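Undergrad: Kindly generate the complete structure, drawing on both the sequences and the hints.
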Amino acid sequence: MPETTTYAKALNTALAGLLAGDERVFLMGEDVGVYGGAFGVSDGLLDRFGEDRVRDTPISEDAIVGAGVGAALTGMLPIVEIQFSDFVVNAMDPLINQAAKLHFMYGGRANVPLVIRAPGGGGTGAAAQHSQSLEAWFAHIPGLKVVLPATVQDAHDLLIAAVRDPNPVVFLEHKLLYKTEGHFEATDDVENPVAKIGESRVIRHGSDLTIAAYSIMTIRALQAAEQLADDGIDVEVIDLRTVRPLDIGPVRESVMKTGRLVVAHEAPIPVGVGAEVVAGVVESNALDYLLAPVRRVGAMDVPMPYAKDLEQAVIPQTGDIVDAVKEVIKS
Amino acid sequence: MPETTTYAKALNTALAGLLAGDERVFLMGEDVGVYGGAFGVSDGLLDRFGEDRVRDTPISEDAIVGAGVGAALTGMLPIVEIQFSDFVVNAMDPLINQAAKLHFMYGGRANVPLVIRAPGGGGTGAAAQHSQSLEAWFAHIPGLKVVLPATVQDAHDLLIAAVRDPNPVVFLEHKLLYKTEGHFEATDDVENPVAKIGESRVIRHGSDLTIAAYSIMTIRALQAAEQLADDGIDVEVIDLRTVRPLDIGPVRESVMKTGRLVVAHEAPIPVGVGAEVVAGVVESNALDYLLAPVRRVGAMDVPMPYAKDLEQAVIPQTGDIVDAVKEVIKS
Amino acid sequence: MPRRDPSTPEGAVESLRLMWTIRRFEEAVEELFDRGQLHGTMHLSIGQEAVAEGVAAALETGDMITSTHRGHGHTLAHGADPATMLAELLARETGYCRGRGGSMHIADVAGGNLGANGIVAGSMTIAAGAALAERMKGGDRVTVCFFGDGAANEGSFHEAINLAAIWDLAVVFVCENNQYGMSMASDKGTAGGSVAKRADAYGIPGSQVDGNDVVSVFETTLEMVRRAREGEGPSLIEALTYRYRGHSKSDRNLYRTQTEIDDWRNLRDPLDRFEGSLLESGGVETGTIDKIRGEVRESIRDAVTEAFAAPPTTVADLEGAAYA
Amino acid sequence: MPRRDPSTPEGAVESLRLMWTIRRFEEAVEELFDRGQLHGTMHLSIGQEAVAEGVAAALETGDMITSTHRGHGHTLAHGADPATMLAELLARETGYCRGRGGSMHIADVAGGNLGANGIVAGSMTIAAGAALAERMKGGDRVTVCFFGDGAANEGSFHEAINLAAIWDLAVVFVCENNQYGMSMASDKGTAGGSVAKRADAYGIPGSQVDGNDVVSVFETTLEMVRRAREGEGPSLIEALTYRYRGHSKSDRNLYRTQTEIDDWRNLRDPLDRFEGSLLESGGVETGTIDKIRGEVRESIRDAVTEAFAAPPTTVADLEGAAYA
Ligand SMILES: Cc1ncc(C[n+]2csc(CCOP(=O)(O)OP(=O)(O)O)c2C)c(N)n1
Ligand SMILES: Cc1ncc(C[n+]2csc(CCOP(=O)(O)OP(=O)(O)O)c2C)c(N)n1
Ligand SMILES: [Mg+2]
Ligand SMILES: [Mg+2]
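As they're listed, the protein sequences go chains A, B, C and D.
Numbering-wise (the numbering used here), the first sequence opens with residue 71 and increments by one.
Numbering-wise (the numbering used here), the second sequence opens with residue 71 and increments by one.
Numbering-wise (the numbering used here), the third sequence opens with residue 3 and increments by one.
Numbering-wise (the numbering used here), the fourth sequence opens with residue 3 and increments by one.
Keep in mind that a hint or two might mislead.
Claimed, not checked - Computed beta-carbon distance windows for the label pairs:
no., chain 1, residue 1, chain 2, residue 2, range
1, C, G195, D, Y246, 50 to 56 angstroms
2, A, A90, D, T307, 53 to 59 angstroms
3, C, G81, D, D264, 56 to 62 angstroms
4, A, P236, D, D264, 50 to 56 angstroms
5, C, G38, A, E397, 55 to 61 angstroms
6, C, L269, D, R228, 42 to 48 angstroms
7, A, E261, C, E297, 49 to 55 angstroms
8, B, D393, C, Q39, 27 to 33 angstroms
9, D, N255, C, G81, 48 to 54 angstroms
10, D, T259, A, D393, 50 to 56 angstroms
Said to hold, decoys possible - Sample of chain C residues with no beta-carbon within 10 angstroms of chain A, all distances over it, derived:
no., residue
11, M66
12, D110
13, E232
14, S279
Hints in this document: simulated from the structure, not taken from any laboratory.
Since this is a predicted model, take the numbers as computed values, not measurements.
Beta carbons: idealized from backbone N, C-alpha and C, even for Gly.
TA: This is the structure:
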């Protein structure tokens with residue numbers, strides 16, 4: 071095993087391990103076979119595991135996810151890839167009205183261990199219908215779990231945890247992260263996940279302000295922290311990793327130490343996960359420790375534009391986090 | 071005109087006025103014709119306006135909303151009824167990827183003046199797939215407006231405002247409100263709406279604590295306020311009325327006066343509109359006026375159960391608001 | 003071997019019993035509702051018993067079904083216990099879903115009933131997925147997917163059947179065409195005028211059957227189930243039948259005439275017809291029929307009593323119940 | 003009266019010019035992309051020019067189209083200005099969407115182009131709605147809805163066509179079957195083996211045409227447009243064609259052979275064939291063809307220059323731009 075790899079390859083390794091380790095696991099989606107997936111995540115898996123278990127589908131998101139629900143309900147562990155997370159809108163019934171609710175609706179007597187993998191986010195010039203970050207929706211729905219790994223290792227570890235989870239899990243990968251490199255250790259044991267869904271993590275310690283982020287914004291938050299350090303501002307960064315269930319404890323604790331909070335995500339701000347993080351903090355005693363109004367960093371409140379400069383302006387960048395932190399520190 | 075009427079009849083009157091006043095307006099949906107709509111909102115309109123303009127559709131939510139988008143784009147003012155707001159999940163592509171984005175995506179050169187009306191909420195024993203409150207999703211999406219009237223008069227006035235708005239508007243009616251009676255004045259002038267989308271309103275003045283709510287929870291908040299008054303707690307109630315755009319100003323001002331905040335909605339709490347309201351307050355200077363942690367009142371974090379007692383336990387009731395207020399006052 | 007064969011005297015007795023069980027069950031539910039002892043809404047399948055039973059009779063134990071909002075008949079014919087169903091409707095802890103699902107969500111996944119569904123066409127892709135899983139597990143169980151005529155205009159209908167067809171999945175899609183989707187007449191909402199004919203679009207067999215004739219429903223289903231089980235792929239059956247009651251309790255029946263309802267009830271009732279043909283052919287005697295009727299009446303009465311006696315649901319363990 | 007009639011010498015010249023315009027436009031876009039002057043992704047319609055032009059030629063001014071992610075050809079044939087399109091791709095303020103839409107969202111609603119669409123099958127229900135509006139306004143404009151073979155397996159395909167069929171809407175649904183939906187071969191993903199045949203399910207005419215023969219596309223479309231305009235309702239045309247380039251730039255073409263690509267290109271190219279038949283019939287001379295080629299080459303070169311010279315987009319008025 072190499073000591074570093076890319077986010078996409080880490081996912082590929084996790085998929086291979088899962089497919090090899092458990093007959094109930096299969097991967098299904100548009101162009102996941104010979105094409106290797108739109109972003110190459112399933113490259114080579116068809117050759118290794120065959121058409122049955124690395125299953126190309128027609129362009130029928132509703133049927134793909136619905137079939138995933140049916141298969142999960144009857145004993146399989148399907149991993150469904152939706153080519154861009156924007157197209158999950160075509161499969162909201164099986165995901166929201168079926169997968170998320172069946173366990174409860176059937177009195178706890180059935181499970182839907184389904185994983186939906188989908189690339190989200192902007193920055194590729196693919197415009198409004200191919201660049202959304204829709205995690206807030208899924209995080210609103212009881213019955214779903216929602217995972218957004220930021221690092222190469224987490225991509226691998228949390229995917230295994232997602233497949234092992236007896237509940238439907240929406241697993242959102244950021245397109246710009248696929249090619250990022252990072253430290254990586256593969257595991258052969260796909261039955262005992264090393265990562266746990268629902269654990270946020272302090273990934274940088276600091277004393278002046280807390281940044282909570284996830285997915286690509288975790289990376290940008292770390293970059294912002296480095297820049298801010300040059301200005302003598304000592305930032306703590308928390309990677310939320312899972313937005314449902316949301317592990318708010320570490321954020322509260324951190325705020326009780328730093329007294330200041332910035333939450334960053336790429337999705338638009340209104341009714342986003344950032345709002346949840348903020349609310350989760352100020353409905354606890356951590357409120358008493360807040361020295362300044364909080365700030366949320368998110369996309370400008372418009373659909374994603376095509377033009378590169380507009381897209382960059384809409385997507386929150388490292389500089390936007392830096393600015394937000396400075397404002398909060400000042401106030 | 072009678073001085074009081076029901077929420078359903080007020081909507082019916084608004085629809086009739088709109089249909090009579092503008093040839094571009096039409097109503098389309100499942101069973102809106104001879105059936106009068108699943109909740110009777112369009113009762114009698116077929117007879118008055120004919121099959122063309124009060125248009126029964128097959129059970130094809132995607133096509134109904136998509137056709138609404140196409141008609142709105144080309145000069146009509148369609149009002150689309152989705153029989154239960156839960157079924158909007160079948161029409162998320164036309165609503166989210168098309169209606170909400172076209173104006174922006176087309177460089178501002180086209181509009182989609184579409185209204186989607188849908189009944190939401192629980193309390194009718196219809197269980198998990200017929201009882202959801204999904205406003206948080208729509209409120210997250212730039213390009214949409216989201217209206218949730220609580221009163222009979224607002225149901226009428228805001229529906230007219232929604233149809234006059236050049237943007238797509240999601241108009242969510244609460245099933246339990248349909249039969250509620252209230253003061254009502256109809257307008258003949260459907261071209262100049264008296265109500266404005268995006269205005270919250272203080273509907274009860276008080277000094278001890280602010281409750282922000284919308285839709286049926288506004289009614290419950292008022293009831294809670296009366297009960298609390300008996301205990302000497304003087305509550306201010308704000309009806310948000312629109313959750314996108316969210317008029318947060320009055321909430322901030324109120325909190326600066328009362329120092330305490332409870333937000334109430336029927337939807338589950340995580341990443342709900344309540345989180346947005348809280349965040350909107352504490353990212354302003356209103357933070358400095360907060361004397362106690364805020365509280366959100368929302369559904370228990372499960373799908374809606376069928377059994378009446380379970381359903382009542384899951385849906386936030388007046389008593390839950392009272393309890394939340396007392397806790398905040400105590401702390 | 004099917005569960006029972008209504009075209010034989012022994013099977014007929016069983017099928018008749020099941021059809022009466024459905025009828026009496028629905029009537030009991032209606033009465034409970036009218037008396038205010040049931041809340042929520044309800045969609046009765048009175049008049050459609052031959053479809054449920056004709057199809058279910060052709061299945062083997064272990065075969066799976068998915069059902070609809072109007073699912074009591076399918077559920078009973080597939081072998082559910084009436085008392086446990088009633089316990090669900092009466093919101094008892096002993097109900098199929100512990101009172102959490104209610105009429106529209108009765109399921110017994112372990113027993114092969116993947117569930118009723120409150121979403122029109124919502125179970126069609128689930129059925130395809132169950133059949134896919136079965137194939138991958140190497141099993142030969144067949145999945146029957148019940149859906150309504152109104153559901154045939156949902157996108158899920160199209161996607162599910164296309165998927166099942168390209169993968170030759172062992173699903174029999176059964177359209178219960180009761181002439182209306184709520185107030186929308188089937189021939190007004192369904193272009194092409196026939197659901198069965200839509201099978202051609204997917205290159206699979208489609209047949210229209212008299213849905214009020216239990217034997218003909220059974221025979222067609224039997225052949226389609228055989229095909230599916232032998233790996234020949236999915237098929238589509240459209241069973242023409244009629245709903246006597248309103249769509250749900252809020253229905254004022256403004257979209258159809260009383261004459262139409264009466265005609266179906268008086269001239270084509272599935273129970274009348276089945277009993278008539280059994281008597282005519284001499285396969286079953288009047289006494290037997292009377293006995294069945296009496297027994298069913300009693301058994302449903304007992305089921306109601308049993309359900310009422312069951313412990314009510316409790317809110318105690320609701321918290322966290324969304325997750326396994 | 004159609005816009006132009008490729009079966010007449012005058013019309014042929016116009017159609018040939020448009021087909022070359024599409025080809026050269028796409029090649030220019032490809033080059034810009036390869037040189038790094040265009041970002042995002044792109045879906046080229048090289049090889050499919052006869053479908054776009056054959057259909058658009060049969061429309062009248064004012065008729066509407068909806069298009070797809072692979073929409074440059076439809077857009078050009080419907081009358082768009084190449085420089086304004088390139089301005090969009092180059093993210094200029096003067097582009098069709100002020101640089102906010104890009105390749106997948108080029109639209110000109112006032113001019114009857116309701117837009118390309120990044121969602122597979124996403125414009126099908128929109129087309130039905132536009133036709134419904136037209137009917138309600140008492141107009142007789144026809145809407146053409148382009149979609150791909152892959153789109154035929156989306157639920158929206160089914161719902162849109164059913165709706166258009168029951169309401170007799172003036173929509174011509176044109177399936178551009180270029181053999182693949184990304185890497186999925188059409189005959190592997192599409193049960194029943196034919197998109198055109200699916201028309202039967204909705205009781206509307208369905209025809210399969212040689213999509214590399216502009217005249218036959220034109221003639222079939224003309225008749226379907228006439229029907230639609232005269233209130234006879236929607237129809238479905240499946241035009242068989244081929245995509246020479248990868249699905250998008252990330253495509254490694256692993257799902258097909260080079261021979262297959264070469265065969266289509268060498269033996270069935272729509273431009274070669276059209277020119278060949280024009281020369282053969284003597285309707286158009288070599289000189290004319292050479293002249294058209296030269297003029298188109300120049301006009302596209304000019305369009306590129308013009309687009310480059312246009313002012314870039316600005317972030318100034320982005321805030322609030324989601325709302326009208
Ligand atoms: C997606 C969706 N749309 C609409 C409804 C509301 N609804 C419930 S049943 C029904 C009619 C269904 O008709 P059909 O499929 O023919 O079944 P039937 O009621 O006749 O048994 C409608 C419109 C729903 N439950 N789900
Ligand atoms: C709803 C949806 N699903 C998937 C995609 C990704 N995607 C874009 S184009 C395409 C293939 C479309 O095939 P087809 O309809 O045949 O059109 P073609 O590309 O061949 O012109 C896919 C899968 C999408 N854009 N939208
Ligand atoms: Mg029906
Ligand atoms: Mg194609």
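Undergrad: In this structure, is the beta-carbon distance linking N255(D) and G81(C) contained in 48 to 54 angstroms?
TA: holds, 52 angstroms
Undergrad: Once the closest CB in chain A is found, is it more than 10 angstroms from M66(C)?
TA: The claim is violated: M66(C) sits with its nearest Cβ about 7 angstroms from chain A, within 10 angstroms.
Undergrad: Could you check that no beta carbon of chain A comes within 10 angstroms of the beta carbon of E232(C)?
TA: holds, 19 angstroms
Undergrad: Given the hint of 49 to 55 angstroms, is the C-beta distance from E261(A) to E297(C) inside that range or not?
TA: holds, 51 angstroms
Undergrad: Holds or violated: 56 to 62 angstroms for the Cβ distance of G81(C) and D264(D)?
TA: For G81(C) and D264(D) the Cβ distance comes to about 59 angstroms; the hint holds.
Undergrad: I want to verify a distance hint. Is the separation of the beta carbons of A90(A) and T307(D) within 53 to 59 angstroms?
TA: holds, 56 angstroms
Undergrad: If we take the beta carbon of D110(C), is the closest beta carbon in chain A still more than 10 angstroms away?
TA: The claim is violated: D110(C) sits with its nearest Cβ about 8 angstroms from chain A, within 10 angstroms.
Undergrad: I want to verify a distance hint. Is the separation of the beta carbons of L269(C) and R228(D) within 42 to 48 angstroms?
TA: holds, 45 angstroms
Undergrad: 55 to 61 angstroms was suggested as the range; check whether the CB atoms of G38(C) and E397(A) agree with it.
TA: holds, 60 angstroms
Undergrad: Has the hinted range 50 to 56 angstroms been met by the Cβ atoms of P236(A) and D264(D)?
TA: holds, 51 angstroms
Undergrad: How does the Cβ-Cβ distance of T259(D) and D393(A) compare with 50 to 56 angstroms: does it lie in that range?
TA: holds, 54 angstroms
Undergrad: Tell me if the beta carbons of D393(B) and Q39(C) are separated by a distance inside 27 to 33 angstroms.
TA: holds, 31 angstroms
Hints 1, 11, 12 from the earlier list are contradicted by this structure; the remaining hints agree with it.
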